[in-house]
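Colleague: So the chains spell out like this:
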Amino acid sequence: MKRVIAVVATVMFACMVLPAVSMAADAYPSKPITAIVPMAAGGSSDLMARAIEKFWTKYSKQPLVVVNKPGGGGVVGTEAVVRSKPDGYTLYIGYGSGHDVVMPTLQKMPYDPLKDLVAVARVSIHSVVIVTGAKSPFNSIKDVVEYSKKEGKPVTTAVSVKAGAVDLALTAFGKAAGVNIVTVPFSGGAEATTALAGGHLMIGGGHPSEIIPHIKAGRFKALAVVLPQRDPTLPDVPTLKEQGINVATWGSIKGLAAPAGTPKEVIKYIEGNIRKICSDPEFKKTMANLNQPIMYQGSEDFAKFMRQATADYAKLIKELNIKID
Amino acid sequence: MDIFAGLLNGFLIALTPVNLLFAFLGAVLGTAIGVLPGLGPAATIALLLPAIYVIDSPVTAIILMAGIFYGSMYGGSTTSILLNLPGEAASVVTCIDGYKMAQKGRAGAALGIAAIGSFIAGTVGIVGMTLFAPVIANFALSFGPPEKFSLAFVGLLLAVTLSGSSVVKGLVMMTLGLLLASVGLDPISGKTRFSFGVTELQSGFDFVTLAMGVFGLGEIFLGLESVIKSEIVSTKVGQVWPTMRDWVASRMAILRGTLVGFFIGVIPGGGAVISSLVSYAVEKKMSKRPEEFGQGAIEGVAGPESANNAASSSSFIPLLTLGIPGNASIAMIFAALLIKGVTPGPFLIQEHPDVFWGVIASMYIGNVMLLVLNLPLVGLWAQLIRVPFGIMAPIIILFTAIGSYSLQGQTFDIYSLVGFGLFGYLLRKLHFEPGPLVLAFVLGPMVEGSMRQSLLMSGGTFSIFLERPISLVLLGLFAVLAIGQAAVTLRKKFRTRTNP
Numbered sequence: 000m001k002r003v004i005a006v007v008a009t010v011m012f013a014c015m016v017l018p019a020v021s022m023a024a025d026a027y028p029s030k031p032i033t034a035i036v037p038m039a040a041g042g043s044s045d046l047m048a049r050a051i052e053k054f055w056t057k058y059s060k061q062p063l064v065v066v067n068k069p070g071g072g073g074v075v076g077t078e079a080v081v082r083s084k085p086d087g088y089t090l091y092i093g094y095g096s097g098h099d100v101v102m103p104t105l106q107k108m109p110y111d112p113l114k115d116l117v118a119v120a121r122v123s124i125h126s127v128v129i130v131t132g133a134k135s136p137f138n139s140i141k142d143v144v145e146y147s148k149k150e151g152k153p154v155t156t157a158v159s160v161k162a163g164a165v166d167l168a169l170t171a172f173g174k175a176a177g178v179n180i181v182t183v184p185f186s187g188g189a190e191a192t193t194a195l196a197g198g199h200l201m202i203g204g205g206h207p208s209e210i211i212p213h214i215k216a217g218r219f220k221a222l223a224v225v226l227p228q229r230d231p232t233l234p235d236v237p238t239l240k241e242q243g244i245n246v247a248t249w250g251s252i253k254g255l256a257a258p259a260g261t262p263k264e265v266i267k268y269i270e271g272n273i274r275k276i277c278s279d280p281e282f283k284k285t286m287a288n289l290n291q292p293i294m295y296q297g298s299e300d301f302a303k304f305m306r307q308a309t310a311d312y313a314k315l316i317k318e319l320n321i322k323i324d
Numbered sequence: 000m001d002i003f004a005g006l007l008n009g010f011l012i013a014l015t016p017v018n019l020l021f022a023f024l025g026a027v028l029g030t031a032i033g034v035l036p037g038l039g040p041a042a043t044i045a046l047l048l049p050a051i052y053v054i055d056s057p058v059t060a061i062i063l064m065a066g067i068f069y070g071s072m073y074g075g076s077t078t079s080i081l082l083n084l085p086g087e088a089a090s091v092v093t094c095i096d097g098y099k100m101a102q103k104g105r106a107g108a109a110l111g112i113a114a115i116g117s118f119i120a121g122t123v124g125i126v127g128m129t130l131f132a133p134v135i136a137n138f139a140l141s142f143g144p145p146e147k148f149s150l151a152f153v154g155l156l157l158a159v160t161l162s163g164s165s166v167v168k169g170l171v172m173m174t175l176g177l178l179l180a181s182v183g184l185d186p187i188s189g190k191t192r193f194s195f196g197v198t199e200l201q202s203g204f205d206f207v208t209l210a211m212g213v214f215g216l217g218e219i220f221l222g223l224e225s226v227i228k229s230e231i232v233s234t235k236v237g238q239v240w241p242t243m244r245d246w247v248a249s250r251m252a253i254l255r256g257t258l259v260g261f262f263i264g265v266i267p268g269g270g271a272v273i274s275s276l277v278s279y280a281v282e283k284k285m286s287k288r289p290e291e292f293g294q295g296a297i298e299g300v301a302g303p304e305s306a307n308n309a310a311s312s313s314s315f316i317p318l319l320t321l322g323i324p325g326n327a328s329i330a331m332i333f334a335a336l337l338i339k340g341v342t343p344g345p346f347l348i349q350e351h352p353d354v355f356w357g358v359i360a361s362m363y364i365g366n367v368m369l370l371v372l373n374l375p376l377v378g379l380w381a382q383l384i385r386v387p388f389g390i391m392a393p394i395i396i397l398f399t400a401i402g403s404y405s406l407q408g409q410t411f412d413i414y415s416l417v418g419f420g421l422f423g424y425l426l427r428k429l430h431f432e433p434g435p436l437v438l439a440f441v442l443g444p445m446v447e448g449s450m451r452q453s454l455l456m457s458g459g460t461f462s463i464f465l466e467r468p469i470s471l472v473l474l475g476l477f478a479v480l481a482i483g484q485a486a487v488t489l490r491k492k493f494r495t496r497t498n499p
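As given, the protein sequences belong to chains A and B, one line each in that order. Oh and the first sequence: position 272 is 271 in numbering that gives the first Met the number 0, straight run, nothing missing. Oh and the second sequence: position 205 is 204 in numbering that gives the first Met the number 0, straight run, nothing missing.
Keep in mind the hints are simulated off the structure, nothing from the lab. All figures in this text were calculated on a predicted structure; none of them were measured in a lab. Be careful, since some hints might not be right.
Unchecked claim - No farther apart than 25 Å at their CA atoms in a straight line, the calculated lysine-lysine pairs in the DSS-like style are these:
(1) A/Lys263 - A/Lys275
(2) A/Lys322 - B/Lys190
(3) A/Lys174 - B/Lys190
(4) B/Lys190 - A/Lys107
(5) B/Lys190 - A/Lys317
What the hints assert, rightly or not - Which residues of chain B face chain A? A few of them, derived with a C-beta cut under 8 Å, are:
(6) Ala45
(7) Leu140
(8) Pro144
(9) Leu184
(10) Pro186
(11) Ile187
(12) Gly189
(13) Ala330
(14) Met331
The beta carbon of each residue, even a glycine, is placed where N, CA and C say it ideally should be.
Kindly produce the complete structure, drawing on both the sequences and the hints.
Modeller: Next up, the structure:
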């Protein structure tokens, strides 16, 4: 019965806190903070945001309320943050996803992700992992390269979406290794990994949160991590570079941002809270359950990192000659 | 652990007061959102995700969410029958004969048979899941892009035949539905299509908005006409319960619908929709009086409603045994399991037998709760028809507007809702059946995406659809159905010519 009481208490607490919005106050935060996730509920950005939402109240007297605003590949929700009042009461969780670091190079954006947003803190990086089915003859990246050289046939590859982080990483691998990679885009990571699990494609790519359950179930073999260093969630899987192929990308970055013009002390406050949350052992456990590595970075470092990642992706896209419009 | 011991253990877990309470909560919430147009299970479960952190035990959390999911399948038929307003894609088919039955004063019978059919199908689905889950899961995995294409293609053909009288009109509706579905992001190349620079159009139209507009608002606009002409038809509630004759007519439909729904529901993506379509088509073919279909045949309600409930049970199979979420609601439950540190997949039964069997046992209990909850409500819902149109219409418009706004919090969706409503009105004036349009809208992206994925896999040759056995069988079925339909039509024409 305790659990029931806990649920009821939470609801009542929420009812009591919400009217507090109308009360004017001095020190930030004096009312609940809205955190917009521009992706659908249940996705990896959303799960991370929900975990932060839960631990936030431990370190702040005002709650953080996650609101999903999906659409346009993430542009709709992010634009809502960009256009909101820079008072620290509207934040963006998921900063560094494909529509922030990849899309600006490929198409016209209604805002500048680097100039119209202030980086607050980085929480995680979702690397791209190259995988194959358990029954596949491939056991390493070398096997894939050799197959392609010997048979001269295209290697069909499941990727979540066209021109997303996974698609770019796999295409870059193909070009660097001289493998004829044919990427087959699906509508999201879950669908792509399902098709690969059914043995309908030769290899595929995905983020750890999507593929680790399949690896644990013995359905996938991980061939390589496409990051400069190994991924903490998959410490046994070598990087592409370790296997002699000079390709590395930043995968999908997940951090917090605020609209440009948000006061410095507000940024400091949120940054500090996120730092505390990231070192909370309970939060670490939750993130481990979600197969998302914690890779914290403070506001200034994260801003620098975002500029670097965007430039790296722009260079990669130019090299691969990928165009959308 | 063998099945019997596992299930027994599951019942012990599911019957604890807390779990019983949450199963009940889930069933009530599910029924409510199923009845309220626009609010879907996926959105409701998403709203409840934060509560998952508060509930300690993963079993309790999943019992609640599962209850919402299958509960909404029960409730979904209510508005389809009473108001011609499908809450989700799987109950579009129910509108056709269900609403006709309601107009003829047989709303109670339609609602009753839908609830009973849902109960039987749901329970049989869970029994099937208990016994055969692992075997069936692997069958689901064998559906790759070529197989999905062929399945969705057959689905499209079945959607056209729904139009009843005219195949040509059905084809027109299907094409329009496919065109509407192509607005937004191209699934393969990532380009935006037909958005004309409008940001809201970049993600395309939403199914719920389209269905509520074309069906619900279209119907209301037409109703306004007859009110203005002051031809208020006094609809009788009629007999509240299905008669013995109804039961005899629909018991085989329920059985067939259950089987169809159970097998097709396992396939990730669109399983429930296609199963309701297939069930309707099967019933029409098996019936001795196919001409009654579209005019209020009770089998046309019993079959598809059973099919979509069996499908909602069996869609848990890929999740619990493979860790693969087949639709948006199941994806939320997948996320909730992850939050609680339970990884869905083949090891779930061994690593977390409490979760697996607890959830299955709670589904047996939940289905009984739903029946007990819904049957007495049938009479109450049926009374709704007596509410004067002048009061009912604004309420429906209000609820559909709230429903479509709640999807993404965009006023744009309300505008498109009204636009689709006017369009639906026009269709009714021109005697077009909107069913194929809405279903083509759902199946279109599946047909397009899987076809282009298959062609990428094959290097551009179409033979991939014939080389794969499942796909070949499905396409063969398609050919037989199409030729059969053509032959029937031609023979009718020939007869009318020879016997004037």
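Colleague: Now look at each hint and say whether the structure bears it out.
Modeller: Hint check results:
1. A/Lys263 - A/Lys275: 18 Å, holds
2. A/Lys322 - B/Lys190: Holds: A/Lys322 and B/Lys190 sit about 10 Å apart, inside 25 Å.
3. A/Lys174 - B/Lys190: This hinted pair holds, its Cα atoms lying about 23 Å apart.
4. B/Lys190 - A/Lys107: 12 Å, holds
5. B/Lys190 - A/Lys317: Measuring from Cα to Cα gives roughly 18 Å; hence the hint holds.
6. Ala45: 3 Å, holds
7. Leu140: 4 Å, holds
8. Pro144: 6 Å, holds
9. Leu184: 7 Å, holds
10. Pro186: 5 Å, holds
11. Ile187: 5 Å, holds
12. Gly189: 4 Å, holds
13. Ala330: 5 Å, holds
14. Met331: 5 Å, holds
Comparing the model with each numbered hint stated earlier shows that all of them hold.
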